[in-house]
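Let chain A serve as the given structure and place chain B on it in line with the hints.
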Amino acid sequence: MLLGPSLAVSAILFSLGVAGVLLRRNAIVIFMCVELMLNAVNLSFIALAQQLGPQGQVIVFFVMAVAAAEAAVGLAIILAIYRHKQTVDIQNINLLRG
Amino acid sequence: MVIDLNNTAGLLLALAPELVLGFWCLVVMIWVAWRHGSFEDQWVAGVLSLAGLVMALGTVIWLWASDARAAQLAGMMALDPYRYATAVLFLLGAILTVLLSLDYLKREGVRIPEYYLLLLFGTLGMMFMGGGSDLIVIFLGLELMSVAVYVLAGIDRRSPFCAEAALKYFLLGAFASGFFLYGIALIYGATGTTNLVLIGTQVSGFALSSNLMALLGLGLLLIGFAFKVAAVPFHMWTPDVYDGSPTPVTGYMAAAVKAAGFAALLRVLFHSFGGVVVWHEALWWLAVITMVAGNLVALAQRQLKRMLAYSSIAHAGYLLAAVTSGSSAGAAAFLFYALAYTLMTIGAFAVLAAAGRGGERGVSVDDLNGLGSRRPWLAAAMTVFMLSLLGFPGTAGFIGKWYILSAAIDANQQLLAVVLVLTSVISAGYYLPPVMAMYMRAPSSPEAHSETTVAGGARLVVALSAALLVVFGFWPNAALEAARRGSTGLTPAVVYTVEGP
Numbered sequence: 001m002l003l004g005p006s007l008a009v010s011a012i013l014f015s016l017g018v019a020g021v022l023l024r025r026n027a028i029v030i031f032m033c034v035e036l037m038l039n040a041v042n043l044s045f046i047a048l049a050q051q052l053g054p055q056g057q058v059i060v061f062f063v064m065a066v067a068a069a070e071a072a073v074g075l076a077i078i079l080a081i082y083r084h085k086q087t088v089d090i091q092n093i094n095l096l097r098g
Numbered sequence: 001m002v003i004d005l006n007n008t009a010g011l012l013l014a015l016a017p018e019l020v021l022g023f024w025c026l027v028v029m030i031w032v033a034w035r036h037g038s039f040e041d042q043w044v045a046g047v048l049s050l051a052g053l054v055m056a057l058g059t060v061i062w063l064w065a066s067d068a069r070a071a072q073l074a075g076m077m078a079l080d081p082y083r084y085a086t087a088v089l090f091l092l093g094a095i096l097t098v099l100l101s102l103d104y105l106k107r108e109g110v111r112i113p114e115y116y117l118l119l120l121f122g123t124l125g126m127m128f129m130g131g132g133s134d135l136i137v138i139f140l141g142l143e144l145m146s147v148a149v150y151v152l153a154g155i156d157r158r159s160p161f162c163a164e165a166a167l168k169y170f171l172l173g174a175f176a177s178g179f180f181l182y183g184i185a186l187i188y189g190a191t192g193t194t195n196l197v198l199i200g201t202q203v204s205g206f207a208l209s210s211n212l213m214a215l216l217g218l219g220l221l222l223i224g225f226a227f228k229v230a231a232v233p234f235h236m237w238t239p240d241v242y243d244g245s246p247t248p249v250t251g252y253m254a255a256a257v258k259a260a261g262f263a264a265l266l267r268v269l270f271h272s273f274g275g276v277v278v279w280h281e282a283l284w285w286l287a288v289i290t291m292v293a294g295n296l297v298a299l300a301q302r303q304l305k306r307m308l309a310y311s312s313i314a315h316a317g318y319l320l321a322a323v324t325s326g327s328s329a330g331a332a333a334f335l336f337y338a339l340a341y342t343l344m345t346i347g348a349f350a351v352l353a354a355a356g357r358g359g360e361r362g363v364s365v366d367d368l369n370g371l372g373s374r375r376p377w378l379a380a381a382m383t384v385f386m387l388s389l390l391g392f393p394g395t396a397g398f399i400g401k402w403y404i405l406s407a408a409i410d411a412n413q414q415l416l417a418v419v420l421v422l423t424s425v426i427s428a429g430y431y432l433p434p435v436m437a438m439y440m441r442a443p444s445s446p447e448a449h450s451e452t453t454v455a456g457g458a459r460l461v462v463a464l465s466a467a468l469l470v471v472f473g474f475w476p477n478a479a480l481e482a483a484r485r486g487s488t489g490l491t492p493a494v495v496y497t498v499e500g501p
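Sequence order for the protein chains is A and B. Counting in this note's numbering, the first sequence runs from 1 upward without gaps. Counting in this note's numbering, the second sequence runs from 1 upward without gaps.
If we strip away everything but chain B, and leave its shape as in the complex, we get:
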């Protein structure tokens, strides 16, 4: 389907997923303004936002299946499979988070129905980040997402941990936005445009790859992105923020927010700076340091929540390795790994939410002792998540790492591949102890795990994530093909010619 962007119907069609989600944002906003007195009203707000997310997902899949393309150069939003693939990722992450939150908020006594509204706004911002083909749209999407997530991190006003997490996230997030924006200003100054494709033609056509202003802008942009995706050494905020936030929000931040940062980073680098060599080297170092530091520090953690926070830093390193390859194979590997990562991270946080109470800060590995005999299905699901995070064969995590490795080797970066394998081996040191505790140790007391329950939506999240991880681990072809098609949008098919500056 070729969409003509010169008439209103074409524009509406091109923006359909964002418009659908925006409409449901308004519906939920009106609902929470009208009814916000009881947990039932909050539950209805959750179901409404779930409906909105599912409808937006349907719209995205419909556009993707009908192969919607633009008849001319798309200005602000791209119309390519990459946009649809990333939107599917974000919407999937948001749907799982809403399902997880339905019972969690009631259990923790958090009665703030705006929670779901903020989730929808954050997801809308992510869709603009993944689809924006103009630096300003990406910046606005980033801010829409970030401002919503700052509030989500501190949504439980009674908890001092929540407030502290929100403050740290806000100060460092706003700081990173400053760098990001200065990068945009310098790139705009060097090329005279903020459109990614036009920047790309300027950079390659006028040999701007050694222009100081453009390089400085790219560097500042990379610093902003590195903060958002929590790459070492820009990760200082991550463990504290993930630790203090409510667990479903932590899962959302670790999976969807990180994927959104990577989605925009990949598009900016591929469309605008494909011909610039220095970023490969910069990202190479960033990936290596992130993988090594994330995995080593995770080894030292006793609290499960902090351990998962450092594990998410380590996974940012693996995803950076996929970006560093700079090829469409690397982009496809990123999409597939981000899908697997979304499922296993949100699944692991769902199990953590079931095992703990009051923000889950106190749950350590020893608290899982004997879960295998008391809650066999939950323990089996947790085992799948841990093994998939580790990259064990038979899970989607293994297939994802395999494709990142092959993309790195194709791009002639053997050393990066070696570091990835070695750090994955190190990560067994903290992914396996929970599994051993669940199956090889006796419960610490007769009434242990009596309160460990996964109700309704959370049960669906755990079962669905574990099942999909195993399915994609044994039959990955359909998902891999989707990821490969999703990455095709990253290589501009037409070279646009522009007049000189």
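The following block holds chain A by itself, in its conformation from the complex:
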């Protein structure tokens, strides 16, 4: 029931996340777009779990835990860079290049 539309919405959300990562310049917004990608995948798992059994739903909990761990580490890293540069715009974060 509603498998096709759910997967389509999930694919659209995932593409929006990818586009956001590639186009936006603020580190926090890029990180939010990565979270959008992960949650789009969660929607896929939930939709597929209707047909394929509860394993997909279990995976979603793992993904949520992983996303929380990534958020903790990621925000700390963004905070560290803000202390050095007073900005989180990745165009201004260019000490390393070549």
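Please note that a few of the clues may not be correct.
To be verified - Each pair of labels, with its calculated beta carbon distance range:
#	chain 1	residue 1	chain 2	residue 2	range
1	A	LEU52	B	ALA463	52 to 62 Å
2	B	ALA9	A	GLN86	52 to 62 Å
3	B	ALA33	A	TYR82	20 to 30 Å
4	B	ASN477	A	ARG24	23 to 33 Å
5	B	ALA455	A	ARG97	55 to 65 Å
6	B	GLY275	A	ILE46	29 to 39 Å
7	A	ALA65	B	ARG357	34 to 44 Å
8	A	ALA68	B	ARG357	34 to 44 Å
9	B	ARG69	A	TYR82	46 to 56 Å
10	A	ALA68	B	GLU40	26 to 36 Å
11	A	ILE46	B	ASP366	57 to 67 Å
12	B	PHE206	A	LEU22	29 to 39 Å
13	A	GLN91	B	PRO446	37 to 47 Å
Honestly, the hints are just simulated from the structure, not real lab data. The beta-carbon is built from N, C-alpha and C at its ideal position, and this holds for glycine as well.
Only chain B this time, still in chain A's reference frame:
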């Protein structure tokens, strides 16, 4: 030894290496929570993690030597020589990194004892990647490793370079994880399972090799892996991250993290998608582009650290060539080359750490001028690492490349073998100048290299890596036999039958 997975003792035995390392993670965690005030406490944390890694290595070798196998289909973790062989690789890389870090952190004034805890967690994640026979275990292992290494890349909070490296690694690593996870979701949707062996039977049994959903999932999975192993064109983050991170962490990322990505990639492709032809072609192109681009860009580098970063991209190309062959000979070649690559990369970064200060970003080839007359043993070791990276006869790098070549030719991929040889010739253009600078030019000033010292653990790392590379270069049979036995786990011995979807 056949392990019965239906009782608790069997399960504990099957997971023994991970449990031992997990236990030591807790020990180190409690230690750094209790004592973290001085460099001595940090040193103790390093020694504790070294003990944990050595004990885990002993457990793995014991399981391997007693030929531990599962009595039935292993669900989440495989019990095969491939798991043990890859675990040995990761633990060896981690042990060398800890030895290198003991003095390095003190010298650089980095007093963050959690460093060793993160190294242990990263290594534990790698062991789940190399041993996981379920996509979810591989994903969780990948994340455990990645999150730990994101922090390691930025461990020196005072350095803006470190923070920038961590940010770049984190954003692109999380981005790649998204692709990886979507790939898992699509494969789960197409086959109804995440177990690698069951996916394999579904794909071959129900002709899913042309199923759009399964192929899309495989493609996304490959993109995720290509980011993690730094294959061109998914390598943009690599030079910056390797450049900005503390040098022991760079060595760890270049050797162990890359090997973990390849270990999981190989198992997924061999167990689940052995019958799918398209990935051979995709990886063929990826390998060729990576070898050519990695070697050409490395030629243009003046900084030693960036040069080694691009060299690690080029080596990802050689390892991809081993994977592309899709045979167990290719898997054995991968295992042997990954061993040699771990030794020579960590060794080269150890020499770099001795030659530079403050993150080693400023060390160029000219800074090595005359090292041969001032520090003859260190220069000799660096020569071994450079020649082995180049693939010069008499070093383990040559034997490894030779086996990748023969695996590629056996798989009827002559063009790939030709590209590998040609790009290796190009790589002489950047591996030989450091050697020439060390021996053929005079020191730039009378007091040059007076601060170039390799103390304690770092000395052990340099000596051990150089000695092993030469030993495996002249007497490779024992290591080759181990690699061949390690690759046997990749061909499922039993074909499991499953009911239809």
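Tell me, which hint numbers fail for this structure? The structure breaks hints 4 and 5; every other hint is satisfied.
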